[in-house]
Amino acid sequence: MKDLRISRRALLRGGAGVAIGLPWLEAMAATTPGSAGKPPIRMAALYMPNGVNVSAWTPKGVGRDFELSPTLQPLAPLKDKVTVFSNLWNQGSKGGDGHYVKEAAILTCNTIKKTPGADISNGVSIDQLAAQRTADATPLPSLELGVTPVAIGVDAVVGYTRIYGSHIAWSSPTTPLAREINPRSVWERLFRAGKGTSANAAKMDKLLLDRVLGDARTLRTQLGSSDKQRLDEYLSVMRSMEERVERSSQGTKRTWKPRAAMDPKFLPPERPESHAEHVRLMMDMIATAFETDTTRIATFMFGNAVSNVSFRFLEGVTAGHHDVSHHSNEEEKLKQYQIINRWHIEQYSYLLQKLASMKEGESTVLDNSMVLFASALSDGNKHDPHRLPILLGGRGGGRIQSGQHLVYGEDHPLANLYVSMLDAFGTPVERFGDSTGPLAGLLRDV
Amino acid sequence: MPPIGSPKVPSLDAREQFSGWVERALQATACSDGIKAGPSPIRRLNRDEYAATLRDLLEMQLDVSASLPADGAGGEGFDNAAETLFLSPLHSEKYMEIAKFAMDFAAREFKPRAKILIARPGPGVTDEQAAREVFANFLPNAFRRPVTDAEMLPYIDLYRAARKAGQTYDDGIFFALRGALVSPMFLFRREPINDTGAERPLDGYSLANRLSYLLWGSMPDELLFDVAASGKLHEPEVLKELIGVMLRNEKSRNFANRFVEQWLHTRDLSGTKAPDAALFPTYAASEELRSDIRLQPVYFFREIFLRDESVLSFIDSKYTIATGGLAKHFGIKMPLKQNQAQQPHWVEVPEGSNRGGLLSMPAILAVSSYPYRTSPVLRGAWILEALLGTPPPPPPPNVPDLEDSKSHTASKSVRERLAQHRQNPACASCHSRIDPLGFPLENYDVLGRWRDTDGGQPVDASAELMDGTKFSGPEGLKKVLLDRKDLFVRNLTAKMLGYALGRGLTLSDSCTIDDIVAQVKKNNYSSRTLLEGVVLSRPFRYQAPEGKKQ
Chain A
-15 MKDLRISRRA
-5 LLRGGAGVAI
5 GLPWLEAMAA
15 TTPGSAGKPP
25 IRMAALYMPN
35 GVNVSAWTPK
45 GVGRDFELSP
55 TLQPLAPLKD
65 KVTVFSNLWN
75 QGSKGGDGHY
85 VKEAAILTCN
95 TIKKTPGADI
105 SNGVSIDQLA
115 AQRTADATPL
125 PSLELGVTPV
135 AIGVDAVVGY
145 TRIYGSHIAW
155 SSPTTPLARE
165 INPRSVWERL
175 FRAGKGTSAN
185 AAKMDKLLLD
195 RVLGDARTLR
205 TQLGSSDKQR
215 LDEYLSVMRS
225 MEERVERSSQ
235 GTKRTWKPRA
245 AMDPKFLPPE
255 RPESHAEHVR
265 LMMDMIATAF
275 ETDTTRIATF
285 MFGNAVSNVS
295 FRFLEGVTAG
305 HHDVSHHSNE
315 EEKLKQYQII
325 NRWHIEQYSY
335 LLQKLASMKE
345 GESTVLDNSM
355 VLFASALSDG
365 NKHDPHRLPI
375 LLGGRGGGRI
385 QSGQHLVYGE
395 DHPLANLYVS
405 MLDAFGTPVE
415 RFGDSTGPLA
425 GLLRDV
Chain B
59 MPPIGSPKVP
69 SLDAREQFSG
79 WVERALQATA
89 CSDGIKAGPS
99 PIRRLNRDEY
109 AATLRDLLEM
119 QLDVSASLPA
129 DGAGGEGFDN
139 AAETLFLSPL
149 HSEKYMEIAK
159 FAMDFAAREF
169 KPRAKILIAR
179 PGPGVTDEQA
189 AREVFANFLP
199 NAFRRPVTDA
209 EMLPYIDLYR
219 AARKAGQTYD
229 DGIFFALRGA
239 LVSPMFLFRR
249 EPINDTGAER
259 PLDGYSLANR
269 LSYLLWGSMP
279 DELLFDVAAS
289 GKLHEPEVLK
299 ELIGVMLRNE
309 KSRNFANRFV
319 EQWLHTRDLS
329 GTKAPDAALF
339 PTYAASEELR
349 SDIRLQPVYF
359 FREIFLRDES
369 VLSFIDSKYT
379 IATGGLAKHF
389 GIKMPLKQNQ
399 AQQPHWVEVP
409 EGSNRGGLLS
419 MPAILAVSSY
429 PYRTSPVLRG
439 AWILEALLGT
449 PPPPPPPNVP
459 DLEDSKSHTA
469 SKSVRERLAQ
479 HRQNPACASC
489 HSRIDPLGFP
499 LENYDVLGRW
509 RDTDGGQPVD
519 ASAELMDGTK
529 FSGPEGLKKV
539 LLDRKDLFVR
549 NLTAKMLGYA
559 LGRGLTLSDS
569 CTIDDIVAQV
579 KKNNYSSRTL
589 LEGVVLSRPF
599 RYQAPEGKKQ
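In order, the protein sequence lines correspond to chains A and B. Using my numbering, read the first sequence as starting at -15 and increasing by one per residue. Using my numbering, read the second sequence as starting at 59 and increasing by one per residue.
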């Protein structure tokens, strides 16, 4: 009976929750920040589910002379560092269901395949396209973060696996990237990645990775064609890990240096007490990752598609996020919807201000970043994919002409913004999704 | 979506009649060649399977699942579907960390250490001989099938490299075994490729693995490996016997827990469906009560299969799972076992207490409510999807959600507002099916406590089906559901087959489902017949030839 007791509790908590603890202090070897040099460009995308109260979103005025809307008010201190876009959309998200087809494609500008899972298909997301081309510049190629685990099950009502609604970062059309939701794990991961590996440990790790790659190659010869693809995923992540171990162990020859030190006394909780605290901690992680230059690319999901996280912690809100987004044009619900939208903008503003407080020579980390804020719906009540709420924070190293409200003709490709961002990031592309060129009026020529 | 009230919209019934006809025609064609096995894709161990396998392999009481990202679901809605078990860079980092952590732990602890270091160098035994013995013992366990010399030698090389780098015998062994824990041979479940061009029975080890990951969510034990080696695993009587043995093992709780939580969606209780802490402070404060509530359907499920009760018990039953905490929560006296009142256990449902079947369980009633109030629509939709396997179509966008409408006078009840909703033709076709299944449960609050009044008004638990059948309350609802028991049994069978195969079901699998359902009905809805039907089915025991897509 005693055993039963243990398993009950273990079941309840979803595991006895043994953390893989690092010998923390031991790992605190002092790291000296690297020399200044030309600051790198960073790129992040923050995704908000369920759309916006449109009437309180769109700013008045066009160009530099615009007035922040009620929902965008929290951006007031940074108005000249932010760009607001109106009338962008993702053509690939037309049709399909209310949420998944739009939200899974927010960074891929593709059309996902309707499936409960067997033949999942999307495009490569803009963050991963950039990460694949800059993978060796930083200890981590990219960070995928969230606050809620992947949504459970298949949405039998519309016939899509909820995996679609739980991932915005896709490294291939068939591979969504898992997100980290435990702030302490993220922190430890950043720390370890920045610290690098001792030559001896790296040597052992390489022996080990070599061995398992050997197993994978043997196994691969014993598989049918569709299974080979799955094993190639394994080969690919293990190989890139081997390369990272290689790079991080070169001691004084290591070309990467942290641009700032991490605070060794800071230890974020594993399970934050509230949704609000959880989101804030993840914003801190992005800021730390960018300041130290542990990675230059991050994506963050405030929630999964159709998220019904309760926002009753906000004064005036009585229901969950998705419920409120179906406001039926009732004044009371629209008001709640706007309060929730505004709360998200406050978190976004918090991140931007934090990046702005991080000096890099004459500029700040925010000046050298592009932080996208996006929802894949405008009016959630209608599941409207037109006129998406899209913001860009930061100046992309001076390339972004921020401080504007840019208004385009109806149904202008969101993909054009991504073409411009990839250009400013230093990984230009001819086309992306349904793009027709760079986004007019955004980039300063070089 | 066409405009509301458009006369051109075919009615839901007409559409379903048509699609039902198409499906039956396709199915008849697929079944005409007899039942076929499906593909046997390679699959990564999911988070829970990985943690349980590591625990059983090393005999250490540690659960590392919290260190890994959760897995999404595909197929029939479970997180063990081969096609949706992706591998991210995050996984590879965690696998490396956990392997190191686990082997460091194993090196320190007596039990795992003894289990691994079965040989040491000594008089007449060289280091290499001892190491070879260790690997020959460990690797087949870790890889869950016999391991050839060619597969083992590289691990001996790895051990040698560690020794060359100055490590001791013990450290070298644990280091090389760390490699085994990151190998795809450990991380993936795979079955030998079938290149015979024809269907064939799975090899014994593959079948042992399928059985063990189905019933235990973990690797096979020594007994299963032995039966696999004997070549007798395919014999129906052996399989039936093993099902009983394996269900009685504590490890079958993994099966009950994972299947039930995903089938009935109760995993969401600790996520977005968590009852509001401000409105339900007792629930939020008591870990004991939350645990009792969450585990009630899980234990119920396991007992039903252990005792070979009817699968219709899920709809209504004379027995349920109770604890002292649950009895108190219900406010009724229950015939609890005195010495184990705190442990969930099988008890007779007191007469007239409305506590039989799944639909009386707080976990179900909460997960099909809003966190702050009950909803006949959500509960009705939950029954259609989870129990009957006939999910309603999505609501058209931009139609007023009358249930919560403030534009109507506050005095109107949810029922009155829904009645208004159903007058709208765009809404009626679905809501006239959904709502009547939810109203009878209005006697239960969000946490499943009985109530006769709600907001000062007497609860009206009456409902009327589209065909005019009138009924009321949970007992009336259960009768209505029992009239549709074939839908329920078919749905449960499909779910279990999908879970057992760990992949999405195909048209040809529907012939297997038909076959199992027929056996279950013939055998008085025996739950054991259902489970045996799944395990003995052709798709579970055979593999299709490679290259032929189903």
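Don't take every hint at face value.
[As the list claims (entries may be wrong)] Taking lysine-lysine and the DSS-like style, the derived pairs with C-alpha atoms no more than 27 Å apart in a straight line are:
| # | chain 1 | residue 1 | chain 2 | residue 2 |
| --- | --- | --- | --- | --- |
| 1 | B | Lys537 | A | Lys98 |
| 2 | B | Lys94 | A | Lys179 |
| 3 | A | Lys237 | B | Lys222 |
| 4 | B | Lys158 | A | Lys366 |
| 5 | B | Lys222 | A | Lys212 |
| 6 | B | Lys298 | A | Lys190 |
| 7 | A | Lys187 | B | Lys94 |
[To be verified] A short, non-exhaustive set of chain B residues, derived as facing chain A with CB atoms under 7 Å:
| # | residue |
| --- | --- |
| 8 | Pro147 |
| 9 | Thr330 |
| 10 | Glu533 |
[To be verified] Computed footprint of chain B on chain A, listed as stretches where at least three residues anywhere in the stretch have a Cβ under 8 Å from a Cβ of chain B:
| # | segment |
| --- | --- |
| 11 | 133 to 145 |
| 12 | 211 to 223 |
| 13 | 299 to 312 |
| 14 | 324 to 334 |
Hints are computed from structural coordinates only; laboratory data are not their basis. Ideal placement from N, C-alpha and C gives every residue a C-beta, glycine not left out.
CA of lysine 237(A) to CA of lysine 222(B), is that 27 Å or under? holds, 25 Å
Given the hinted pair lysine 187(A) and lysine 94(B), is their alpha-carbon gap at most 27 Å? Violated, at about 50 Å.
Is lysine 158(B) within 27 Å of lysine 366(A), Cα to Cα? Distance of about 50 Å is beyond 27 Å: violated.
Run the distance test for lysine 94(B) versus lysine 179(A): straight-line Cα separation, threshold 27 Å. Violated - the C-alpha atoms of lysine 179(A) and lysine 94(B) are around 55 Å apart, more than 27 Å.
Given coverage of the segment 133 to 145 of chain A by chain B, checked by CB-CB distance under 8 Å (3 or more): Held - the segment 133 to 145 of chain A has 10 residues with a Cβ nearer than 8 Å to chain B, which meets the minimum of three.
Please check whether the segment 324 to 334 of chain A has three or more residues whose CB lies within less than 8 Å of a CB on chain B. violated (count 0)
Proposed proximity, lysine 212(A) with lysine 222(B) (alpha carbon, max 27 Å): At roughly 35 Å apart (the allowed maximum being 27 Å), lysine 212(A) and lysine 222(B) break the hint.
Cut-off 8 Å, C-beta pairs, minimum 3 residues; does the coverage of the segment 211 to 223 of chain A by chain B stand? holds (count 7)
Pair hint outcome, lysine 298(B) versus lysine 190(A) [Cα-Cα no greater than 27 Å]: violated, 46 Å
Tell me whether the statement that chain B covers the segment 299 to 312 of chain A is true, taking a Cβ distance below 8 Å and needing three residues at minimum. holds (count 6)
Would you check whether glutamate 533(B) satisfies its interface hint, that is, whether its CB is within less than 7 Å of any CB in chain A? violated, 28 Å
Minimum beta-carbon distance criterion (7 Å), threonine 330(B) to chain A: holds, 5 Å
Going down the numbered hints, you'll see the structure goes against 1, 2, 4, 5, 6, 7, 10 and 14, while the others check out.
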